[in-house]
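Asks: Residue strings, one per chain:
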Amino acid sequence: MNEELILQHGLTLDEFQVIRKYLNRDLSIEELGIFSAMWNEHCCYKTSKKWLKKLPTNNEIVIQGPGENAGVIDLQDNDGIAFKIESHNHPSYIEPFNGSATGVGGILRDIFTMGARPIATLDSIRFGLIETEKTKYLLNGVVHGIGHYGNCIGIPNIGGECEFESTYDFNNLVNAMAVGHVQKDKIFYSKPKSIGGLIVYIGSKTGKDGIHGASMASDVFSEEDEDEKRPSVQVGDPFMEKLLMEGCLELMSSGLIESMQDMGAAGITSSSVEMASKGNVGVYINLDKVPLRQPLSAYEILLSESQERMLAVIDKKNNHKVREILQKWQIDYEVIGEITDTKRVVFESNNKKVVDLPVEIIVNDAPEYDREFYIPRKRKNKDFDFSKIKLEDMIINLLTNLNYLDKSWVFDQYDSTVMGDTIREPGQSSGIVKIHGTQKVIGASTDCNPLYIRINPYEGMKYTVAESYRNLIACNINPLAITNNLNFASPLDPNIMGELVLSIHGLKTAAIKFNTPIVSGNVSLYNQTNEIPIKPTPVVGMVGSNMNLNKINTNKFCEIGNKILILGKQLSKNCSPYLLQDQKIALNICEFNDLEILDLDFEKKIANCVLELSDLKCIMSCNDISRGGIFSSLLKMQYRDLGFKVKISDPIDLFCEYSAGYVIEIRSKDLEEVTSFLTKKGAEYVEIGEIIKEGIEINSKKFDYFDIMNKYRNNFEKIIS
Amino acid sequence: MSFKSAVITFPGSNCDRDALCYLKDLTKGEVHNIWHEETSLPKVDLVILPGGFSFGDYLRSGAMASKSKIIDEVVKHANDNRYLLGICNGFQILTEIGLLEGALIRNKKLKFLGKNCFIKKKFKNNFNLSIKDNQILQIPVAHNEGNFYCDSETLNLLKNNEQIAFEYCKGEFSNTEENINGSLEAIAGITNKKKNVLGMMPHPERAYSDFHQSQDGRLIIESLIS
Amino acid sequence: MRIKILVRLKGQILEPQGKVIEHSLNSLGFTEFSNIRQGKLIELDLPDNISKEEKAQKIDSACKKLLVNDIIEEYEVLG
Amino acid sequence: MRIKILVRLKGQILEPQGKVIEHSLNSLGFTEFSNIRQGKLIELDLPDNISKEEKAQKIDSACKKLLVNDIIEEYEVLG
Ligand SMILES: Nc1ncnc2c1ncn2[C@@H]1O[C@H](COP(=O)(O)OP(=O)(O)O)[C@@H](O)[C@H]1O
Ligand SMILES: [Mg+2]
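Chains as they are written, first to last, in the working numbering: chain A, 1 to 721; chain B, 1001 to 1226; chain C, 2001 to 2079; chain D, 3001 to 3079.
Honestly, the hints are just simulated from the structure, not real lab data.
Every residue gets a Cβ at the ideal spot worked out from N, C-alpha and C, and that includes glycine.
Check the hints yourself; a few may be wrong.
[Stated by the list, open to error] Cβ-to-Cβ under 10 Å is the rule here; a few derived chain A residues that face chain B:
1. Asn78
2. Ile195
3. Met547
4. Leu549
5. Tyr685
[Stated by the list, open to error] Derived coverage of chain D by chain B (criterion: at least 3 residues anywhere in the stretch with Cβ under 8 Å from a Cβ of chain B; other residues may be distant):
6. 3012 to 3021
7. 3060 to 3074
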């Protein structure tokens, strides 16, 4: 086989030699395609596997950890929660609308493949600087795509994040997360149960969509390649997905399915290999039986990434009933093969075996690398000059920076109340939905602090996990488990590899401390174009619960005269990275001081205080303190005609970041009870002010309430148009 | 006598379950769910055509659903002077069937709108009896094509016959625009001439339970039952 | 035989999409373009062996029944 | 001079609407209609006094720059 062909398939010559030696024969082009797909970073995690193994993935509530289509946790009674996050970065750069839409479609399939009904989605999206037309085009397309798919299929979007930073100029990130509800005794896995079971194809016909998409997703691609990669765009059909979802859920609840696997990246190849490997069995598939939209070669069928397709295994005797149900939903259905005892993957086309490979070589012998990595140098300590900073300018800086503004332009394009169970929509610190027909609620948040992680990957990742944790705590949601999406640049650069290794380590430390195991996730590497690596962006999606929906906190101010208290510990001015960056005090990444070490025990202690006070109904509203400090947190809490007045010795402190930082609103009559409770717990607090009507006052200086609120709410749309 | 109702499900409907819960919780009566390919409809007091993206909203929202088998029965139900309520996609279907005048075209800003909106009643009918004049209701909208349009002749008819049931308005504290989607005269819902068929873009079935942000959606069912 | 049906919003209806396109085109320097409107193109195959009249009648009837909403749209058949 | 630009998805790209419309037409009895695809129609005015070449060149460049997403779409100019 010629070298060029091998390299085109994203395999190294060494990797190819391993296959060649094992098989002791030449490969068919179809077989090469299979290795290309399966030994790709996206499928076999060859760079990250060694490190991912170190993550805590289990505790008493984990029903299913990483390794299935989604993780599942136990929510008591017969309720389980399935969730996962997935990236669609490169497809969304090439064709933002369809790329992001199919990202949502893919993650929803991961959820309902497990037998779970999706009940919420979240998204985490990052773009370059808004000054370019390209960024505006990407932002519009991505938000439209995410909205279009989710709205149409009818799953509420309950939150996410949307940030802008120059390293994403040519490499925007689109991560979509989905959460589903499953009855614990009706969870479906990809492992087939019996030899001789029929392999059936369910859903849209196969076309030329996204062929090579999987290997494309792991290429370092340059501007020039863009055109060549274009034809392989996948188009989503959310209407089909809605039918597929209802059809599959009906099949599963009728007990007609043994196992199920969605056809995601690398389509029929990865789903069938996965089935064989999970069940320690073989598969035989006749490619001539695959429903096609247009004539395709065997190679193309194997690698097509057409959307809205499923592979299932059923007992022969159920064939007729399955067909009937799918007919009602107008879904294509075909028996294409069967489960064998050969432990081989066999694909036939035109009466010829085009692929005949032992499962072992594809899965167990997949490469695993221990790549070289560097640990960042220790940073020097530097004192910044704050003497020229004016409070008014600081506020203007926030109100002209997209990252601080109200994101309703984004989430108003998403349906967040469909399904009728939404309790907190986007715009609050975490999204919250009710488990249908119960009093239980699920809260979720997606977060990342790329700047922190570039400064110190290990500590920065702890802060990122803590941010999600605080987002949930602020609503009185008990954090339970994590999904994560590790978006990094090229791991072939030992500096980047170091960011990957250390942030995984930070994730591990924080997850163990918070008892929030990692139950699912995704890795997206090589996020760089033209030599510009993105900032490390390992996104955390955290899920939590409260068994009683009446105990949930709001993030919005409630009543004039109520007191405002601050919990937690302020980071010093010299060590508040976003303050330094966004107030243009530190202009270069080398200038920043190291992060202060995040005390996770302290995080837990303060969090427990918030939870206890919430249960005592002493907290009227609560918000966490993150980028933009107390000031930004207070802005987000404004509601109706309510504002605030605060006193603080150094107003710059209002913009500093925090560890375990929360703003809480307390009724005057509860103040004593709350403060003595906090004192007893050894939790420091500061009473900084109170809620007033239509005003913003800092140290008796009055600001124009309507002007600030107007800018906060409307500047986003102005800036991006 | 207990209040009976039914919700029709089309392929792509996604508010059918919400509508069923809304009816079950508020009417306490019998509630049926009818698949679009059925050819008969039980005798009920109210039929809801729910929101969603019937047939993907391909071609035009509501167009293909309006040709479904069950529609003949739905029309009969309406001709029988019984209540028919189309919410969001259901409203679009009703205009496509021709039971209601006008059409719903793309929102003026060309973007999907998913947020709380505020409406008040314009002319009295059986669907809004329990709502006070000038009472502002907060109810979510979620649509791409909610921009009501009809020609001026039809508009005059709608006014003269007092067929305009709801119009968008400004909420007390919100910065929401008065006419969120650009509808003609800020129309949010209309009835037929006999006033037993109502189509509206806002979703009352997402604003009735204690945990919802507003309970104003109850008023519609309460109006019908009282 | 491939048929093209052009569907457009009736003239008196404001077509915001067209306005947006026009604005963008103008700001890209295409100032000669005006009165831009966006509509729909529906293409389909009809068997070659049916007569011209039958063809016209079938298309017309499909447009009236489903493809076009004559409250807001008008259409034109090509080919 | 009124120009029509027909924009359609490239042949190999999935066009989900077409098959749903086709299904609906078929069940309404229009069984002869097949291969339905939906695209966009963009209509605009250009001044009459510009040359044929200039016209063609302007439209082409507007399509490439804005009107058509050439990753997934192709176009045809009429009139
Ligand atoms: N892409 C998005 N999708 C959905 N909701 C979003 C998105 N971006 C932001 N939001 C909403 O806006 C809120 C504010 O976001 P952000 O500024 O990141 O603040 P926070 O610190 O509260 O997370 C989030 O809680 C989220 O609910
Ligand atoms: Mg956040």
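Asks: Against each hint, give a clear statement of whether it holds in the structure.
Replies: These are the hints, each one checked on the structure:
1. Asn78: violated (19 Å)
2. Ile195: This interface hint is violated because 36 Å lies over the 10 Å limit.
3. Met547: violated (14 Å)
4. Leu549: Status holds, d = 6 Å.
5. Tyr685: This interface hint is violated because 30 Å lies over the 10 Å limit.
6. 3012 to 3021: holds (count 4)
7. 3060 to 3074: n = 0 at 8 Å, threshold three: violated.
When the structure is compared with the earlier hints, violations turn up for hints 1, 2, 3, 5 and 7 and for no others.
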